[in-house]
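2 protein chains.
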Amino acid sequence: MAKLIDGKAIAKDIRNQIKNEIRELKQNYPNFSPRLAIIQVGGREDSTCYVRQKEKAAKEAGIEFMLHKKADSITESELLTSIRELNDNPTIHGFLVQLPLPSHINEKNVVETISPKKDVDGFHAINLGNLAKRNCEPLFLPCTPKGILELLKRSGIKISGKHAVVIGRSDIVGFPVFTLLSRSDATVTLCHSKTENLPELIKTADILIVAIGKAEFVKGEWIKPGTVVIDVGTNAIEDSSKQSGVRWVGDVEFSSASAVASHISPVPGGVGPMTVAMLLQNTVESAKRFLQESRERDIS
Amino acid sequence: MAKLIDGKAIAKDIRNQIKNEIRELKQNYPNFSPRLAIIQVGGREDSTCYVRQKEKAAKEAGIEFMLHKKADSITESELLTSIRELNDNPTIHGFLVQLPLPSHINEKNVVETISPKKDVDGFHAINLGNLAKRNCEPLFLPCTPKGILELLKRSGIKISGKHAVVIGRSDIVGFPVFTLLSRSDATVTLCHSKTENLPELIKTADILIVAIGKAEFVKGEWIKPGTVVIDVGTNAIEDSSKQSGVRWVGDVEFSSASAVASHISPVPGGVGPMTVAMLLQNTVESAKRFLQESRERDIS
Ligand SMILES: NC(=O)C1=CN([C@@H]2O[C@H](COP(=O)(O)OP(=O)(O)OC[C@H]3O[C@@H](n4cnc5c(N)ncnc54)[C@H](OP(=O)(O)O)[C@@H]3O)[C@@H](O)[C@H]2O)C=CC1
Ligand SMILES: NC(=O)C1=CN([C@@H]2O[C@H](COP(=O)(O)OP(=O)(O)OC[C@H]3O[C@@H](n4cnc5c(N)ncnc54)[C@H](OP(=O)(O)O)[C@@H]3O)[C@@H](O)[C@H]2O)C=CC1
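Listed in order, the protein sequences are those of chains A and B. Residue 1 is where the first sequence starts when you use our numbering, and the numbers rise one by one after that. Residue 1 is where the second sequence starts when you use our numbering, and the numbers rise one by one after that.
Don't take each hint at face value.
Unchecked claim - Calculated pairs, EDC-like style, for lysine to aspartate or glutamate (alpha carbon to alpha carbon, straight line, at most 16 angstroms):
1. B:12 to B:206
2. A:158 to B:196
3. A:12 to A:60
4. B:153 to B:196
5. A:108 to A:6
6. A:70 to A:85
7. A:153 to A:221
8. A:288 to A:107
9. B:108 to B:200
10. A:117 to A:6
11. A:3 to A:206
12. A:19 to A:55
13. B:194 to A:206
14. B:203 to A:221
15. B:153 to B:13
16. A:194 to B:185
17. A:194 to B:206
18. A:158 to A:196
19. A:153 to A:55
20. A:108 to B:137
21. B:194 to A:221
22. A:224 to A:185
23. B:194 to B:221
24. B:108 to A:185
25. A:12 to A:196
26. A:203 to B:185
27. B:224 to B:185
28. A:203 to A:185
29. A:26 to A:221
30. B:158 to A:221
Hints were generated in silico from the structure; no laboratory data involved.
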């Protein structure tokens with residue numbers, strides 16, 4: 001049976017480390033006060049739930065939190081103005097606009113208006129571009145991919161030289177996971193909906209990352225014994241035995257996959273909690289950068 | 001025997017198309033005059049040779065050309081000032097700083113100072129970032145990767161669904177080739193010096209791109225019969241029978257590989273000529289964008 005990669009426990013450790021780090025920094029720099037803001041447009045239930053999780057985790061870690069709620073009817077130009085205000089607000093060290101947005105707003109314009117220096121989601125083209133460039137360090141790594149790499153590292157998985165297969169090529173998960181794994185010296189194959197012979201390719205993986213959004217799509221029999229499996233998918237399927245009427249499953253069929261994998265991350269409790277922990281980490285890194293800059297200004 | 005992918009002939013066709021396009025545009029817009037500039041720092045012989053090739057090709061196509069030669073001793077800040085002047089010069093539609101630079105100058109600072117709107121080399125982080133983002137079109141694609149895709153398309157090679165193996169992950173060749181192939185719906189494996197079992201992986205390729213800079217490294221026996229092979233490597237090896245004392249070879253052993261591949265690009269005369277043709281294409285695209293913008297300003 002595979003070893004479980006307990007994302008919940010790992011994320012908790014990281015959140016505790018962040019909390020301690022903030023506490024110590026505050027002792028040395030009484031004005032140090034990391035602050036995260038989220039702009040939420042409209043009242044989608046799932047968005048409200050994600051925003052609440054981020055708020056709770058931030059506050060627990062000692063990060064101040066500001067929520068800017070906007071009506072569904074906000075114009076793109078009004079939204080961009082709010083973003084520019086946050087860019088210019090020196091008390092905010094990082095912020096994000098909760099996606100998805102209503103269809104009358106162009107997501108790209110929104111993301112690219114966020115200052116790359118406060119882009120704690122890591123979605124700005126300049127941060128993604130620096131991720132793709134050798135010898136360049138983006139200011140922020142996107143949270144879910146960063147969390148996946150952290151899961152692998154904290155589970156003692158060797159990445160260098162290994163063959164990683166990533167299924168899904170979105171710009172928030174698959175593509176940046178590919179890039180991070182390649183930067184960590186894995187040989188990486190990137191697959192998607194046009195890939196032929198997917199089960200055959202999966203069989204060649206030492207590390208398998210699945211981020212496609214298809215409930216229990218990948219079967220255990222496709223997986224080579226000993227493979228490390230990270231399941232990013234988060235799919236609701238009907239289940240009348242649950243109070244909510246749904247049950248959450250990954251993109252991997254857990255029962256069959258856990259019988260052959262060496263390590264596997266469960267859904268829920270795998271990648272999900274890491275995403276929020278990495279958002280906090282990005283916010284603190286940013287606050288530390290701003291602190292450093294202000295100290296350098298004070299000295300000079 | 002493999003079909004030869006004749007980059008020289010394909011590049012010539014493209015340069016002729018560009019020439020005709022410029023001629024027609026000039027008839028309709030007498031002020032249309034695409035102009036490319038290159039900043040060359042120091043007098044490296046290889047750089048001088050590359051710059052001369054670009055100058056010759058530009059002029060032949062009807063693109064004006066300006067060379068800014070700078071002494072080896074130029075400071076980084078002086079160089080950045082020259083770049084900003086070209087950014088602001090409305091008669092220049094595209095420019096590049098010929099690499100490599102003397103070691104006292106930070107290449108990243110140089111590349112990131114070039115306006116993304118004039119970055120005809122396609123190396124700016126924002127252009128690379130938009131290349132990595134779904135639904136985003138960078139203003140410029142890097143020339144060598146763009147040329148490789150053009151070679152495949154003009155040779156009638158189907159890319160979608162195929163398994164492409166790219167060897168080399170530099171930010172000017174391997175990595176962006178990977179990205180372009182994935183955007184064209186290939187399943188792509190990116191390999192590098194830490195890859196284990198390289199010959200085994202090469203055997204699984206339908207399309208093989210080699211960009212490592214190691215003379216005749218990839219052998220024909222590693223290649224599956226029918227594979228399409230693009231050899232980017234450009235390596236000088238001693239050859240006393242040549243007047244220059246050297247002979248140019250690729251990263252692939254041509255004699256053995258051409259016996260099994262379905263198509264193969266030779267060195268020289270494969271990818272090399274395409275790089276210059278794509279630089280001209282990027283320059284004309286940029287000049288057309290500036291023309292379009294000025295017409296929109298005139299109308300409004
Ligand atoms: N735990 C967490 O914190 C997070 C979880 N997620 C979850 O991860 C999953 C993926 O999210 P996201 O990347 O945003 O999804 P997207 O819908 O943006 O992308 C899905 C990707 O999967 C590919 N794909 C779809 N079907 C198949 C198939 N049958 N075979 C191979 N590839 C396929 C698509 O290919 P193509 O490009 O060809 O269309 C696409 O590249 C979702 O379940 C989402 O809920 C996402 C973010 C965070
Ligand atoms: N025809 C043209 O117009 C152009 C030709 N070229 C030629 O292409 C070649 C590559 O150029 P460039 O990308 O700039 O080179 P770089 O030196 O920047 O990168 C070489 C890449 O190859 C990898 N590599 C090196 N040795 C091996 C090996 N034994 N097995 C597997 N991978 C290996 C390296 O891996 P790692 O990352 O682990 O170090 C690295 O990613 C050169 O010959 C260059 O002259 C380049 C540009 C334009």
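Hint by hint, here is what the structure shows:
no., hint, result
1, B:12 to B:206, "violated (27 angstroms)"
2, A:158 to B:196, "holds (13 angstroms)"
3, A:12 to A:60, "holds (11 angstroms)"
4, B:153 to B:196, "violated (30 angstroms)"
5, A:108 to A:6, "violated (34 angstroms)"
6, A:70 to A:85, "holds (14 angstroms)"
7, A:153 to A:221, "violated (26 angstroms)"
8, A:288 to A:107, "violated (29 angstroms)"
9, B:108 to B:200, "violated (36 angstroms)"
10, A:117 to A:6, "violated (31 angstroms)"
11, A:3 to A:206, "holds (15 angstroms)"
12, A:19 to A:55, "holds (14 angstroms)"
13, B:194 to A:206, "holds (15 angstroms)"
14, B:203 to A:221, "violated (24 angstroms)"
15, B:153 to B:13, "holds (14 angstroms)"
16, A:194 to B:185, "holds (6 angstroms)"
17, A:194 to B:206, "holds (15 angstroms)"
18, A:158 to A:196, "violated (28 angstroms)"
19, A:153 to A:55, "violated (27 angstroms)"
20, A:108 to B:137, "holds (11 angstroms)"
21, B:194 to A:221, "violated (29 angstroms)"
22, A:224 to A:185, "violated (21 angstroms)"
23, B:194 to B:221, "violated (21 angstroms)"
24, B:108 to A:185, "violated (22 angstroms)"
25, A:12 to A:196, "violated (39 angstroms)"
26, A:203 to B:185, "violated (21 angstroms)"
27, B:224 to B:185, "violated (21 angstroms)"
28, A:203 to A:185, "violated (20 angstroms)"
29, A:26 to A:221, "violated (52 angstroms)"
30, B:158 to A:221, "violated (30 angstroms)"
Of the hints listed earlier, those the structure fails to meet are numbers 1, 4, 5, 7, 8, 9, 10, 14, 18, 19, 21, 22, 23, 24, 25, 26, 27, 28, 29 and 30, in rising order.
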